[in-house]
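So the sequence lines, in the order shown, correspond to chains A and B. Just so it is clear: in the first sequence, position 64 is 64 by the UniProt record's numbering, and no numbers are missing. Just so it is clear: in the second sequence, position 163 is 163 by the UniProt record's numbering, and no numbers are missing.
One or more of the hints may lead you astray.
Intra- or inter-copy, both count: the list cannot distinguish identical chains.
Unchecked claim - Taking lysine to aspartate or glutamate and the EDC-like style, the derived pairs with C-alpha atoms no more than 16 Å apart in a straight line are:
1) Lys126 - Asp247
2) Lys202 - Glu229
3) Lys190 - Glu79
4) Lys27 - Glu79
5) Lys31 - Glu200
6) Lys76 - Asp197
7) Lys272 - Asp322
Worth flagging that the hints you see were computed from the coordinates, not collected in a lab. Just so it is clear, the structure is predicted and the values come from calculations on it, not from any experiment.
Number of protein chains: 2
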Amino acid sequence: MLTEAKDQSPHHVVIVGGGFGGLYAAKALSKAPVKVTLIDKRNFHLFQPLLYQVATGGLSAGDISSPLRAVLSRQKNTEVLMGEVTKIDPQQQTVKVQNRELNYDSLIVATGVSHHYFGNEQWAPKAPGLKTVEDALEMRRRIFVAFEAAEKETDLEKRRAWLTFVLVGGGPTGVELAGAMAELAYTTLKNDFRNIDTSEAKILLIEGMDRVLPPYPPELSAKAQASLERLGVTIQTKAMVTNIEDDVVTIRKGDETEQIAARTVLWAAGMKASGMGEVIAKATGAQLDRAGRVIVEPNLSVPNHPNIFVIGDLANFPHQNDKPLPGVAPVAMQEGQYVARLIKQRFKGKTLPEFHYNDYGSLAVIGRNAAVVDLGFIKFAGFPAWLAWIFIHIFYLIEFDNKLLVLIQWGWNYFTRKRGARLITNQDTPPLSVEEESDYRTPVEV
Amino acid sequence: MLTEAKDQSPHHVVIVGGGFGGLYAAKALSKAPVKVTLIDKRNFHLFQPLLYQVATGGLSAGDISSPLRAVLSRQKNTEVLMGEVTKIDPQQQTVKVQNRELNYDSLIVATGVSHHYFGNEQWAPKAPGLKTVEDALEMRRRIFVAFEAAEKETDLEKRRAWLTFVLVGGGPTGVELAGAMAELAYTTLKNDFRNIDTSEAKILLIEGMDRVLPPYPPELSAKAQASLERLGVTIQTKAMVTNIEDDVVTIRKGDETEQIAARTVLWAAGMKASGMGEVIAKATGAQLDRAGRVIVEPNLSVPNHPNIFVIGDLANFPHQNDKPLPGVAPVAMQEGQYVARLIKQRFKGKTLPEFHYNDYGSLAVIGRNAAVVDLGFIKFAGFPAWLAWIFIHIFYLIEFDNKLLVLIQWGWNYFTRKRGARLITNQDTPPLSVEEESDYRTPVEV
Numbered sequence: 001m002l003t004e005a006k007d008q009s010p011h012h013v014v015i016v017g018g019g020f021g022g023l024y025a026a027k028a029l030s031k032a033p034v035k036v037t038l039i040d041k042r043n044f045h046l047f048q049p050l051l052y053q054v055a056t057g058g059l060s061a062g063d064i065s066s067p068l069r070a071v072l073s074r075q076k077n078t079e080v081l082m083g084e085v086t087k088i089d090p091q092q093q094t095v096k097v098q099n100r101e102l103n104y105d106s107l108i109v110a111t112g113v114s115h116h117y118f119g120n121e122q123w124a125p126k127a128p129g130l131k132t133v134e135d136a137l138e139m140r141r142r143i144f145v146a147f148e149a150a151e152k153e154t155d156l157e158k159r160r161a162w163l164t165f166v167l168v169g170g171g172p173t174g175v176e177l178a179g180a181m182a183e184l185a186y187t188t189l190k191n192d193f194r195n196i197d198t199s200e201a202k203i204l205l206i207e208g209m210d211r212v213l214p215p216y217p218p219e220l221s222a223k224a225q226a227s228l229e230r231l232g233v234t235i236q237t238k239a240m241v242t243n244i245e246d247d248v249v250t251i252r253k254g255d256e257t258e259q260i261a262a263r264t265v266l267w268a269a270g271m272k273a274s275g276m277g278e279v280i281a282k283a284t285g286a287q288l289d290r291a292g293r294v295i296v297e298p299n300l301s302v303p304n305h306p307n308i309f310v311i312g313d314l315a316n317f318p319h320q321n322d323k324p325l326p327g328v329a330p331v332a333m334q335e336g337q338y339v340a341r342l343i344k345q346r347f348k349g350k351t352l353p354e355f356h357y358n359d360y361g362s363l364a365v366i367g368r369n370a371a372v373v374d375l376g377f378i379k380f381a382g383f384p385a386w387l388a389w390i391f392i393h394i395f396y397l398i399e400f401d402n403k404l405l406v407l408i409q410w411g412w413n414y415f416t417r418k419r420g421a422r423l424i425t426n427q428d429t430p431p432l433s434v435e436e437e438s439d440y441r442t443p444v445e446v
Numbered sequence: 001m002l003t004e005a006k007d008q009s010p011h012h013v014v015i016v017g018g019g020f021g022g023l024y025a026a027k028a029l030s031k032a033p034v035k036v037t038l039i040d041k042r043n044f045h046l047f048q049p050l051l052y053q054v055a056t057g058g059l060s061a062g063d064i065s066s067p068l069r070a071v072l073s074r075q076k077n078t079e080v081l082m083g084e085v086t087k088i089d090p091q092q093q094t095v096k097v098q099n100r101e102l103n104y105d106s107l108i109v110a111t112g113v114s115h116h117y118f119g120n121e122q123w124a125p126k127a128p129g130l131k132t133v134e135d136a137l138e139m140r141r142r143i144f145v146a147f148e149a150a151e152k153e154t155d156l157e158k159r160r161a162w163l164t165f166v167l168v169g170g171g172p173t174g175v176e177l178a179g180a181m182a183e184l185a186y187t188t189l190k191n192d193f194r195n196i197d198t199s200e201a202k203i204l205l206i207e208g209m210d211r212v213l214p215p216y217p218p219e220l221s222a223k224a225q226a227s228l229e230r231l232g233v234t235i236q237t238k239a240m241v242t243n244i245e246d247d248v249v250t251i252r253k254g255d256e257t258e259q260i261a262a263r264t265v266l267w268a269a270g271m272k273a274s275g276m277g278e279v280i281a282k283a284t285g286a287q288l289d290r291a292g293r294v295i296v297e298p299n300l301s302v303p304n305h306p307n308i309f310v311i312g313d314l315a316n317f318p319h320q321n322d323k324p325l326p327g328v329a330p331v332a333m334q335e336g337q338y339v340a341r342l343i344k345q346r347f348k349g350k351t352l353p354e355f356h357y358n359d360y361g362s363l364a365v366i367g368r369n370a371a372v373v374d375l376g377f378i379k380f381a382g383f384p385a386w387l388a389w390i391f392i393h394i395f396y397l398i399e400f401d402n403k404l405l406v407l408i409q410w411g412w413n414y415f416t417r418k419r420g421a422r423l424i425t426n427q428d429t430p431p432l433s434v435e436e437e438s439d440y441r442t443p444v445e446v
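Okay, chain A solo, but in the shape it has when bound:
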């Protein structure tokens, strides 16, 4: 209560970012004698782990989003502000949110990461990534346009290029996308076309390391690979994408180079910290790692700035293992809750032991009935893992209320294999055959 007594107004906690980290921090402060302002560029929390389902037509964007105002509606000490933070002033203790300034007593930055192209930013329009709702809808558009274009194409070579999907990156996102793409091409769409056989589609997953899911134990990587191959996915490991053009992707494996005729390239590789990393570094002198993440203290604060915290994907927390904690939702949630607890303890003149991440395991889904789960003490795969995956995801969705619907939608998709949300939107003109392909690009930013 020190701060409160001092300046007559409650301690103000400003949280930047409404992802898992920021939202869990805000929720953990619901009963605290503080004022909370949660700032986000978007008006909704996005359940990113399911974004690949939106990209492949299984769920609508609304199914995996919760309006931030609705989530925090009853938390009376908390205000939501839709805006973008562009500057931090640690001396004045202010953040600049577009055209206004906000005072803070404690600042929590949780703005996450976006995808990047390892210095090949010119690939961005050709190989969309998967971080935002718009990204997912753009992927969805391209995937379904590719099948439509293939259906119209009479040249067999060109048709094959429309039916070749290259997924770059064999991490969880790439693996889940590959599984969903296989399900889509080989099951859902099987009877929908008259001129093409969608089971001839080629789904190619490219990974630079020697196995898919590199952060997982090797035996699970092997199981994931086997499951994907059973679904019909072609996997190339130790392979690097060296060039992406409109209709050809170049891949290097050791000394060999291969050119693959493909119209659709989906990016599930590099991640880079959001611009807030730079803003923090500039304001506080904090160090960034190569991915632009802020290297934080054991209590998640920025060095020499005990009231500025960085959590979630934007933070590099190197104190627990020899490598930073992974950029996954459970890490962000636990960090958010830790910082909230720390702020509450400070009111009591107390402190907290340093942050420790409790790893309850990792899991990735590969398709209908197949997933891999690593709970540390037990690793398993196949249908039980898939059920566990569904259960855990639904559990977290329900945390943000109305998402029982997703369970029903999934149940429905499961039994009907319909993928009813496969709308091609934001496109004025239907796809043409390949010669006139440049006509059908949309003016919407990618």
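Since chain A is already given, all that's left is putting chain B on it; use the hints.
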């Protein structure tokens, strides 16, 4: 079987447009000895009567769309072609679909209408209409941006302008939008903001005629008006919008002119036939009415072209009453089924009596628990009408399979009043206060 015998290949029915008319025609031909090609610019059928729910965040676009290929997947005599018809040649019996030509034996055109602005096309970017999924998402974006901007605005006058929503047109779309907007502002969002009281929002419905729902019996119009007013909607009848600017709408009532400070104007007025009307007129010499609709023969064919049919909103069928049949889904469905039956009868050398529309009544929803229903022999309003409305809409949705989900989503919305699909998408920058408002317009076409 005459045609079949003649040219060795089955009679080819080309259907342009996958709305209610085109899709019902295609389905009614499923067992016929013909080949069917359904052409649509989009890859999905849209359940337009619920589009206002998407615009107000109650449903996702995927919930009211069905992929055309999925709907017709098992109908083996039918092919779906995503494309745009730009020309008809009745002599050669061909249609031009972008870069290819298609022969037809029978042609059914069902491309519907879009909204228009009575010669004030400059209003389009200021007052979006509601015909496509993109329209609905643009409305949704504007509605929720307006509340966000009001929350940030400290000038009370300007805040009031952000909280004023002008709906132009008191037909079913305008009435349903107004009811949903009232529910949104006065119930759903009530506790979500900290600086504004959303119950101070003003929802203004402007109608040029002397009552809302002009096509309905006067007593139902009165009931609809009473229900809307109970919900908090302000209704101005005999009022014309004469100008729309960024922050002010000008309305004329008789000799009086009123200026209303409003940042959000939604267009639910004029309808105009799609461009295919002109294409048909040019190719066949058919007459168009003032709205650009094709005036058809009693059997829905184009004069002097017995194998070219126009159905649905694009058709002006003046033979049943003293005025054309209304542009509603049941008319389009019955017309589609009639033409399919006519084509089948021709194989048997038979003909059909002229088309007759069976009017089972009309209904419009006004909000939670309130609707108006006119079944001819009985008119009723309120909760029973609302239940009837839900039942009938769900019934038609289920016709196109997986839409039981909508019922569940509605049940959920009904009990929680959440409107979880209120995402602001396709917008790079969060809304600013009014001075810098021009910054937040999006490059996406309206």
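A quick look at each hint next to the structure:
no.	hint	verdict
1	Lys126 - Asp247	within (9 Å within a copy, 39 Å between copies)
2	Lys202 - Glu229	within (12 Å within a copy, 58 Å between copies)
3	Lys190 - Glu79	between (49 Å within a copy, 14 Å between copies)
4	Lys27 - Glu79	within (12 Å within a copy, 52 Å between copies)
5	Lys31 - Glu200	neither (57 Å within a copy, 29 Å between copies)
6	Lys76 - Asp197	between (56 Å within a copy, 15 Å between copies)
7	Lys272 - Asp322	neither (20 Å within a copy, 66 Å between copies)
Of the numbered hints listed earlier, those contradicted by the structure are 5 and 7.
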